[in-house]
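Asker: Quick note, the sequences are listed as chains V and Y, same order. Everything in the first sequence is counted per this note's numbering, starting at 1 for the first residue and increasing by one. Everything in the second sequence is counted per this note's numbering, starting at 1 for the first residue and increasing by one.
Take these hints with a grain of salt, some might be off.
Stated by the list, open to error - DMTMM-like, lysine to aspartate or glutamate: derived pairs with alpha carbons at most 20 angstroms apart:
1. Y/K65 - V/E728
2. Y/K65 - V/D749
3. Y/K65 - V/D757
4. V/K892 - Y/E55
5. V/K699 - V/E728
Hints in this document: simulated from the structure, not taken from any laboratory.
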Amino acid sequence: MSQPYRLATGGDVDRNQTINFSFDGKTYTGFSGDTLASALLANGVSIVGRSFKYHRPRGIMAAGVEEPNALVETGDNAFQEPNLQATTVLLHEGLIARSQHRWPSLAFDVGEINDKLSWIFPAGFYYKTFMWPARAWRFYEYFIRKAAGLGTCPDKPDPDSYDQRFAHFDILVVGCGASGLEAAVQAARKGARICLVEQSNELGGQLLHHPEQIIDSLLPADWLKRTVDELTAFDNVTTLPHTTVVGNYGYNYFTAIQHLRTGVTPGSKTHNPRQRLWKIRTKQNIFATGAHERPLVFNNNDRPGVMLADSLATYINRYAVLPGRSILIFTNNDSAYRLAIYAVKAGAEVRITDSRDGSEGHWVKQAATMGIRIEFGKVVVSAIGKRKVEAAIIMSLSSNNAAVEGAAETVPCDLIAVSGGWSPVIHLHAQDRGALVYDKDVSAFVAADGFEDQPSICVGAARGCMDYKTSLEQAATAGANAAFKVGFGNDTPTNISVAETVVTGATSPLWMVPAPQGSRVGYHKHFHEYQNDSTVADIQLAMLEGFESVEHLKRYTTTGMATDQGKTSNVNALGIAAQHSGHDMKDMAPTTYRPPFTPVTLGTIAGRQHGPLFSPERKTPMCQWHKENGAVFEHVGDWLRPWWYENPGEDKHGAVARECMAVRTAVGMMDASTLGKIDICGPDSAEFLNRVYTNSWLKLGIGKCRYGLMLNEQGYVFDDGVTTRLGENHFHMTTTSGGAPRVMTWLEDWLQTEWADLDVYLTSVSEQWAVISLSGPKSRDLLRNLVDFDISKEAFSFMSMKMGAIAGVPARIFRISFTGESSFEINVASNHGLHVWKALLDVGQDFGLTPYGTEATHILRAEKGFIIVGQDTDGTNTPMDLGMDWIVAKNKNDFLGRSAFDLPVIAEQSRRQLVGLLPIDKTTLLPEGAHVTRMRDEPFPCSTLGHITSSYDSPILGRTIAMGLIENGRDLINQSIFARNLDGSSIEMMVCEPAFYDNEGGKSRD
Amino acid sequence: MFQIKCPYCGNREMTEYTYGGEANLSRPTRLESEDSLALTSYLFSRTNKRGIHLERWFHVFGCRKWFNVARNTITNEIVETYLPNEQPQVVEQTKE
Chain V
1 MSQPYRLATG
11 GDVDRNQTIN
21 FSFDGKTYTG
31 FSGDTLASAL
41 LANGVSIVGR
51 SFKYHRPRGI
61 MAAGVEEPNA
71 LVETGDNAFQ
81 EPNLQATTVL
91 LHEGLIARSQ
101 HRWPSLAFDV
111 GEINDKLSWI
121 FPAGFYYKTF
131 MWPARAWRFY
141 EYFIRKAAGL
151 GTCPDKPDPD
161 SYDQRFAHFD
171 ILVVGCGASG
181 LEAAVQAARK
191 GARICLVEQS
201 NELGGQLLHH
211 PEQIIDSLLP
221 ADWLKRTVDE
231 LTAFDNVTTL
241 PHTTVVGNYG
251 YNYFTAIQHL
261 RTGVTPGSKT
271 HNPRQRLWKI
281 RTKQNIFATG
291 AHERPLVFNN
301 NDRPGVMLAD
311 SLATYINRYA
321 VLPGRSILIF
331 TNNDSAYRLA
341 IYAVKAGAEV
351 RITDSRDGSE
361 GHWVKQAATM
371 GIRIEFGKVV
381 VSAIGKRKVE
391 AAIIMSLSSN
401 NAAVEGAAET
411 VPCDLIAVSG
421 GWSPVIHLHA
431 QDRGALVYDK
441 DVSAFVAADG
451 FEDQPSICVG
461 AARGCMDYKT
471 SLEQAATAGA
481 NAAFKVGFGN
491 DTPTNISVAE
501 TVVTGATSPL
511 WMVPAPQGSR
521 VGYHKHFHEY
531 QNDSTVADIQ
541 LAMLEGFESV
551 EHLKRYTTTG
561 MATDQGKTSN
571 VNALGIAAQH
581 SGHDMKDMAP
591 TTYRPPFTPV
601 TLGTIAGRQH
611 GPLFSPERKT
621 PMCQWHKENG
631 AVFEHVGDWL
641 RPWWYENPGE
651 DKHGAVAREC
661 MAVRTAVGMM
671 DASTLGKIDI
681 CGPDSAEFLN
691 RVYTNSWLKL
701 GIGKCRYGLM
711 LNEQGYVFDD
721 GVTTRLGENH
731 FHMTTTSGGA
741 PRVMTWLEDW
751 LQTEWADLDV
761 YLTSVSEQWA
771 VISLSGPKSR
781 DLLRNLVDFD
791 ISKEAFSFMS
801 MKMGAIAGVP
811 ARIFRISFTG
821 ESSFEINVAS
831 NHGLHVWKAL
841 LDVGQDFGLT
851 PYGTEATHIL
861 RAEKGFIIVG
871 QDTDGTNTPM
881 DLGMDWIVAK
891 NKNDFLGRSA
901 FDLPVIAEQS
911 RRQLVGLLPI
921 DKTTLLPEGA
931 HVTRMRDEPF
941 PCSTLGHITS
951 SYDSPILGRT
961 IAMGLIENGR
971 DLINQSIFAR
981 NLDGSSIEMM
991 VCEPAFYDNE
1001 GGKSRD
Chain Y
1 MFQIKCPYCG
11 NREMTEYTYG
21 GEANLSRPTR
31 LESEDSLALT
41 SYLFSRTNKR
51 GIHLERWFHV
61 FGCRKWFNVA
71 RNTITNEIVE
81 TYLPNEQPQV
91 VEQTKE
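Chain Y with its partners taken away, still in its complex shape:
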């Protein structure tokens, strides 16, 4: 059972958090959504990555803040946590 470093509260048990799906999805504007591929990809397509995965977590039994996590889905290692409006440091590694 891993721990997650909340950017506001520090390291806490994973049971204090809830998972919020993939992070850094781009929500299409009304105009863009007429391109149904952009829309369906936003609504339904997720990467389901084996390796470093960028995902949203909510510190529900804590500060009630949403933030993002780069987690290795093989080992559950939390590589990094960052704020919703930020890009992760590991983004370069995740591009491959």
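One chain only, chain V, in its complex shape:
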């Protein structure tokens, strides 16, 4: 029979809409309105997963986000998603679900041996065991990694889309149980703009499975309908069902995850993204987040069939599923008696074991009246049955809760419903460092009083208030008050909903059930934390070894560190620790709560910013031409730059060599539009440059260019470039391609703060100018055909700039060279860039004009020993380290970084210096980044002299060359040192001046 555990009537499921799904390859049916968990229970599936450490069979325990056991994987191929709680997955047609963490199958799992061997896996097992010998870690790691982790990642890109949005509201109400709805209605009536968020797909919270709870003389369903109808009628209320507020980041800023396609078959066409990340800014917040029921801790309390009492009530009343016929209820408070009443009405046999001495509560009396067997002062000491509960062993509890005594009675049952009291959901309050206090009445931590001036307040069960009447009053007051605080109406609520008062007996804390005297397993199977398999024995060991503080306890036993963040386990763990260490619960404040409240899919965080939208891509005006002409691109900062141009049949090495030789022997051109360019004007511009560069700028002639180094205040090089004086008070600065924004911000900083007296204006013009660097011995002859002014060596000298027309458009042409050949850097307005590029190509055919990319540039500049900031420097190099003493005007009184030169550390002898390096074998390419030692084959570990910063195969020299930062490098010139490969082998090389070609620099001046 399908769904043998489904009740014939009742519940919120639609029996006319059957849904087919599969679990571990077997097909089942459920109804519309089911979660995967309720459908599995309806079909009698008791084991849904294996536990993390001991691979024990586990079943469904809870009915919501607090579920620690029922983690499943759904979907297949690209839609596969691991680690979903079966209790929060809405059933949809064709849903494919699988259990996790078992091999080869759920029923027979090889890892189960860990359970038998649990005595060798105490808390801290991995830390203690795999410490020695140190080098064996890689061996251990392979097996540990295989054993660790839950679920598997999909191996295909996520086909779904995700969305994000910002929203602003006056008041955020989290949770749509009775309290949340009442608070929202009260605030909405005053006119405040409200965002009402509910993590479940239905509004109502516990009212959805407490059908007897009368409010305003209405049944819960009717009160809910009335309230929701009223809320819906307001324009100022935004209701977000199936949305979880996962983070409270303080200052009224929240993140929430909205599920838009749960219950929808993956891949089916809808306009909706799968999830939406809301970033919500508010003024006042009401947390009506309810409470999570705690389990009771006894031997084998993790067996499938042990369920939380109120969760079982949820399955019976909301989903019409009665997963057992004979239910033993084990409780330390009155709330579980409600379940007894529901279960008997649904047709189950019920017996109650209550650890307390007695209770005069309303439901207790009602249960007794119904003839349900109730035993006070007794506890379940052990569950029996491995794959499903078969019985429970009951004993009497001693008066001080310290021991169990008397005869052990075996009670046959197929479910054990436990209730260890309620833990208010204080996560959002605590994430923003809200104060917590231990509340004796609820035996849990609640938000501290006395912070009424704060914008957030917990109400109802989230505040530890476990009855509807008081909760509704609290919520109504909070709602009206929040509206008043943001400027709407007065702080008096109107027409507060009134619930029937129910008298309940007190909760009596029972953090764990004592093990019977002489018990062989002791506390090794008393699970307080299910997902990480943490037991009472683990806590005892932690206490014994001195890990008494809550922070230590958490990390040592991993309690509360699983994906459920210990929603059901935290308070019990603290209680057990307090009991063992003799501390008072009020001194056992939980560790800091961190977002997210429930796990968040990475796709939601990424939103639309993935693939090409992950980061902006900057393109030059000539980019399309590069693409059409064989360019292979590299990313430089955000820029897309041609790395080299590949002719048919060429490889990288061949292409780059061809480009290099063209520049050295004929003429090449490069798209240098990405250079950072800053326009500087104002009467104090020269003085400003004099302060930010190490050399002198005051006397630079108009139309002249100068190379400059910028240092930070610690005296270290952080950018370089050529700056040109366009007019008396007007300069054109260039920076490295990747460094432009950083330099701009840096210059702005000094102008706005330290040197606010300087009259200087900066404008970023990087994208306004297209730049073509024409370089090579034939560059002048080529260019002559396109310009309207004299560019002879005499009329247009090296390191100067001229304005004129090129190919009919206005240009600034700079005679500066990064290749060491005679060069012209042609700057034209961006939209003329492609025109001039093509004009040069047309004329250039006769000259052998060859476009070249960044790789060739790097080789050409390295042949000349020109540095690239960020490659040949690492942020700890002074100009002197780079052999650039000549650029530091020591007579200048001040420039950025100047004073640091007086520090001993800058002046000391053993600094790393930039030198050239020539491998003895001219064909050996030194690995960039390799460390350098003084001696050949010096055994590791040994100290490094420095490292290789640049290494290339130079076509013009017919050999490999390199540069490196080497300790006292300049003293080692003409001596042999050794680059070290990862395998320890050595490459001999000769230290030399960092310049390999045309050292006199005559060619660039030509």
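Assemble the complex: chain V is given as a structure, and chain Y must be docked to it using the hints.
Answerer: Coordinates of chain Y only, in the frame set by chain V:
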């Protein structure tokens, strides 16, 4: 996630700004920097205060202006924002 009141633009999300380190440091002149203590203290020593901290912020995704902020490092409360050439009102409290 706190907000900062830019003196030019008003209250904006903190993600519009970048942090620029401690404010109101005194940059030694060449002469003063021969006193290496003044220099090293300017270059390397920061107060790392628990409480009201004076610091520089840059409205990078806004008006691109630098300004100063007095922020409580315990609560992230922005006590005050002021211009680079000004002294904060809270300076008296921060002297202790």
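Asker: Now tell me if each hint is right for this structure.
Answerer: Cross-check of the supplied hints:
1. For the suggested pair Y/K65 and V/E728, the alpha carbons sit about 27 angstroms apart, so the restraint of at most 20 angstroms is broken.
2. For the given pair, Y/K65 sits about 8 angstroms from V/D749 by alpha-carbon distance, which is consistent with the 20 angstroms threshold.
3. Restraint check for Y/K65 and V/D757: satisfied, since their Cα atoms lie roughly 16 angstroms apart, inside the 20 angstroms limit.
4. With a C-alpha separation of about 30 angstroms, the suggested pairing of V/K892 with Y/E55 is violated against the 20 angstroms cut-off.
5. For a cut-off of 20 angstroms, the pair hint linking V/K699 to V/E728 stands: about 10 angstroms separates their Cα positions.
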